[in-house]
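Asker: Construct the entire structure; sequences and hints are all you get.
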Amino acid sequence: MARYIIRRILQAIPLLLVISIICFGLIQLAPFDVIDTIATPDMAVEVREALKVKYGLDQPGYIQYINWLKRMVTGDLGFSIVTHQSVAYDMAARLPNTIILILPGFCLALIISIVLGLVAGSRRGGRADKIIDTLCSIGMATPTFWIAMMLIYVFGYMLRIFPILGMHTLGQDNSLPDLIMHLILPTIVLTIADLPGTTRFVRSSTISQYTEDYVMVQKAFGAGRASILFKHVMKNVLLPIITLVGMSLPRLVTGAFITESIFSWPGIGTYFITAIRSFDYPVIMSVMFFSSVMVILGNLLADIAYCLVDPRIQSMG
Amino acid sequence: MKKLLALVVALVLVLPAAALASAANNTFIYGIGGDPGNDINTISTSGRFDLTAERLLYSPLFNYYGPDDIEYRLAESFELSEDGQTLTVHLRQDVVWSDGEPFTADDVVFTYQTIIDTDYANGHDAFVFGDEKVTVEKTDDYTVVFQVPVYFPALLENIGAEHYIMAKHIYEGDETLDNNPKNATPVGTGPFVLDEYVAGQYMKFSANKTYFLGEPKVETLILQFVTDQTSALLALQTGEINALVIDNTSDADDLDVNAVTVYAYPEDRVGYLGFNLSGSRASDINLRKAAFYAINRTELNLGTYISEDYYVDAVSFLPYSNPYVTNDLEDYAYNPEKSAEYLAQVEGDIPTLRLAYTANNLTQETQALIIQQQLKAAGIDVELKAMDGTALTNLYYEEHDEYDLFIGGYIMGIDPSSYATLFVSDGSANFYHVADEELDGYFAAADVETDPDARLALYQDAQRRLADLAVQYPIVTNLRLLAVTNDVSGVEDARLIPIYTFSNFDQLSFN
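If you read the sequences in order, they're chains P and H. Heads up: the first sequence begins at 1 in the working numbering, then just goes up one per residue. Heads up: the second sequence begins at 318 in the working numbering, then just goes up one per residue.
Quick caveat, the hints were computed from the structure, so don't treat them as lab data. Where a beta carbon is used, it is the ideal one built from N, C-alpha and C, also for glycine. Errors might be hidden in some of the hints.
Quick list of simulated restraints, FRET-style, between CB atoms [what the hints assert, rightly or not]:
#1 P:A92 / H:S806: 34 to 44 Å
#2 P:L16 / H:A676: 50 to 60 Å
#3 H:T493 / P:I63: 14 to 24 Å
#4 H:K693 / P:I63: 46 to 56 Å
#5 H:K499 / P:A88: 12 to 22 Å
#6 H:G531 / P:L159: 40 to 50 Å
#7 H:T493 / P:L26: 21 to 31 Å
#8 P:F32 / H:G556: 33 to 43 Å
#9 H:E719 / P:D58: 17 to 27 Å
#10 P:L26 / H:E647: 42 to 52 Å
#11 P:L26 / H:N678: 16 to 26 Å
#12 P:M247 / H:D666: 54 to 64 Å
#13 H:N677 / P:L301: 34 to 44 Å
List of simulated lysine-lysine pairs, DSBU-like, C-alpha gap at most 35 Å [claimed, not checked]:
#14 H:K499 / P:K70
#15 P:K52 / H:K455
#16 P:K52 / H:K702
#17 H:K450 / P:K52
#18 H:K499 / H:K534
#19 H:K499 / P:K52
#20 H:K702 / H:K655
#21 P:K52 / P:K70
#22 P:K219 / P:K231
#23 P:K219 / P:K235
#24 H:K499 / H:K455
#25 P:K54 / H:K499
#26 H:K450 / P:K54
#27 P:K54 / P:K130
#28 P:K130 / P:K231
#29 H:K499 / H:K450
#30 P:K70 / P:K54
#31 H:K455 / P:K54
#32 H:K455 / H:K526
#33 H:K499 / H:K526
#34 H:K693 / H:K655
#35 P:K130 / P:K235
Incomplete in silico selection of chain P near chain H, CB under 7 Å [as the list claims (entries may be wrong)]:
#36 R8
#37 Q11
#38 D36
#39 V45
#40 E46
Answerer: What follows is the structure in structure tokens.
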């Protein structure tokens, strides 16, 4: 197992290099750079050129890449060219916020969708299935920003139950109740956003499990509906969920841009998008790098979890 | 289960009180659309929000709003020599840095010398004239003399505007001023001092108790970073924030007047429609004049800005508030007959014109659509070309055939000499690619003219000449809208200005 993990990690290194080259190359393909995005008409051409020299943007693309890589290898993420702020500092400040935002919504959506998916799948074609399916369709067809705006309008503006902006009321940075109050609306939004897809995934997985022989055997032995569903079917349905969870790991780094943006949540999502808009390559490359690491790590963890949970896979080697 | 239910009910009842007991009064929260970062320095900080933070922390020698409108800050007075090349500045003697050190002429010399020596510093080019540079020296602890190698009409504006004094005892000997760890704990002479910066969330300032103009009235001032305008507008009406700039004028009329007041103020920005003369299709002046006469400015501006309260028609390249502006020029008032006359004089077929504007910019999109319809009615077909903002700006500088018309805007200085770069043949921001000897001549002559009346006449001739060339159709000087909660007072005293929003944040207070 250890050899397998080491092999996978070593395989990831060239993959990360390729991803970083593609990402850097795409930034270079644009006909302008970060200095152009912050330049104003009253900024003299000489000043623009001086700024480009200062940030090494006058160098050929491959030299800029090598310089970035050298810094990256030594653990130096560099500075944002737009705000001059340390990227490591900015990411360290925002990463926990994004995790606080994403994790509750994701877990809640996962638990609810497993229950709904199992119920819908086990009662295929029944009333419960139809209701759940309809709700999922509505959920999928409703844009996240609309749900967020409606929640803000009703609960934030009209009823004034929840605050609208940020993750803390000023002066209450260490207050857990205050954080929870700020977290409730965005968590509802993220739960609603995640719910339909995962529910349908669990539902179809449940339906396919019901066609398996072991279900028929259980039925023949006279096992009850609930017993079949929760003791046998659920275990098998949960296996592919591991992949789903693994694949979702990068979201902890990339954030949820729309929700973060509407609630002015100080996470990675808004940070990343602002950087992309201004071609702030030290920020883009750092977020990209960590999200790639999380994709690879997520897949690796999912594979390991598979082996641990399902002895059949382990025996297959 | 019952316990769980009780807990949920308790949370719902108790938490709102905890969360909505927003910061006590005397905390002014200004919602801004970006995170300035915690690297504010007076040399290379740029961008609207960074400069706002800079103004809270540091002070300039004086704020220059026009020859007769100067607010003295670190300077007590100044004298300008008759030849306009020597400026002697007398400094206040009662100023201390926020760390308690006294402020002296050494700080002023250090700041300006750094700008002169640093080629990427803000405004560096205004201190360099070919091989010669402005010199800055102290004659005693509270007197500084600036010596300019040539006559430079915008000297006062350049010394005063956007140059904030930094502390020599903090930064002396440092290799770099941006990415400098000391920027995170700024020592300034501004009305506020930085308490805390939380990345992505806010910058928290407290009143500088030693501020030389008196302690600010609000104890705490927060720049809260908001990323979505719609939710921020709702937060403003619930009192979660106290002030916010409104991006779209249509939102201003929807606000609850019992909760907020909207202030409309000029940023001296001129919005215009320009012709790109470097392409082949706009070279005929008759076509350009036919297009200009076909535009109904009133209809265009009302359609874009909804109410006359939010804009002023522009007819010159200078904003209406500029002391050098003239209305005695060809303003291209809507005249379909004249448009038809000029169109008839166009040689050959009427080409389809391509109009470029910034994509996802609601104002420009509306303007483009209205202009397209108005020109179509006059017999000129227009193809719209929405472009990424930076891509479009970059294209401005190049000679090309990609578009014939473009929608743009600028905020320049107060002295009209700063506009020359937009219109003279070798101007670095001559996006029209206009090259006219007569126009160049007016700007060149005005640059060295020391007689105020003659200078005024030259700039008015330049405005008339540019209008006659029909390369720029000034559309509007739009007003910036700032919404402030009704419990805040002193907005007029704080004075609304371009870029920074408030000239004097220390004048804001609560009822």
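Asker: Hint by hint, note whether the structure agrees.
Answerer: Hint-by-hint comparison with the structure:
no.	hint	verdict
1	P:A92 / H:S806: 34 to 44 Å	holds (40 Å)
2	P:L16 / H:A676: 50 to 60 Å	violated (33 Å)
3	H:T493 / P:I63: 14 to 24 Å	holds (21 Å)
4	H:K693 / P:I63: 46 to 56 Å	holds (50 Å)
5	H:K499 / P:A88: 12 to 22 Å	holds (18 Å)
6	H:G531 / P:L159: 40 to 50 Å	holds (42 Å)
7	H:T493 / P:L26: 21 to 31 Å	holds (30 Å)
8	P:F32 / H:G556: 33 to 43 Å	holds (41 Å)
9	H:E719 / P:D58: 17 to 27 Å	holds (25 Å)
10	P:L26 / H:E647: 42 to 52 Å	holds (48 Å)
11	P:L26 / H:N678: 16 to 26 Å	holds (24 Å)
12	P:M247 / H:D666: 54 to 64 Å	holds (58 Å)
13	H:N677 / P:L301: 34 to 44 Å	holds (39 Å)
14	H:K499 / P:K70	holds (26 Å)
15	P:K52 / H:K455	holds (33 Å)
16	P:K52 / H:K702	holds (29 Å)
17	H:K450 / P:K52	holds (23 Å)
18	H:K499 / H:K534	holds (28 Å)
19	H:K499 / P:K52	holds (24 Å)
20	H:K702 / H:K655	holds (27 Å)
21	P:K52 / P:K70	holds (20 Å)
22	P:K219 / P:K231	holds (13 Å)
23	P:K219 / P:K235	holds (17 Å)
24	H:K499 / H:K455	holds (26 Å)
25	P:K54 / H:K499	holds (20 Å)
26	H:K450 / P:K54	holds (22 Å)
27	P:K54 / P:K130	violated (62 Å)
28	P:K130 / P:K231	holds (24 Å)
29	H:K499 / H:K450	holds (29 Å)
30	P:K70 / P:K54	holds (18 Å)
31	H:K455 / P:K54	holds (31 Å)
32	H:K455 / H:K526	holds (28 Å)
33	H:K499 / H:K526	holds (21 Å)
34	H:K693 / H:K655	holds (15 Å)
35	P:K130 / P:K235	holds (24 Å)
36	R8	violated (33 Å)
37	Q11	violated (34 Å)
38	D36	holds (5 Å)
39	V45	holds (5 Å)
40	E46	holds (6 Å)
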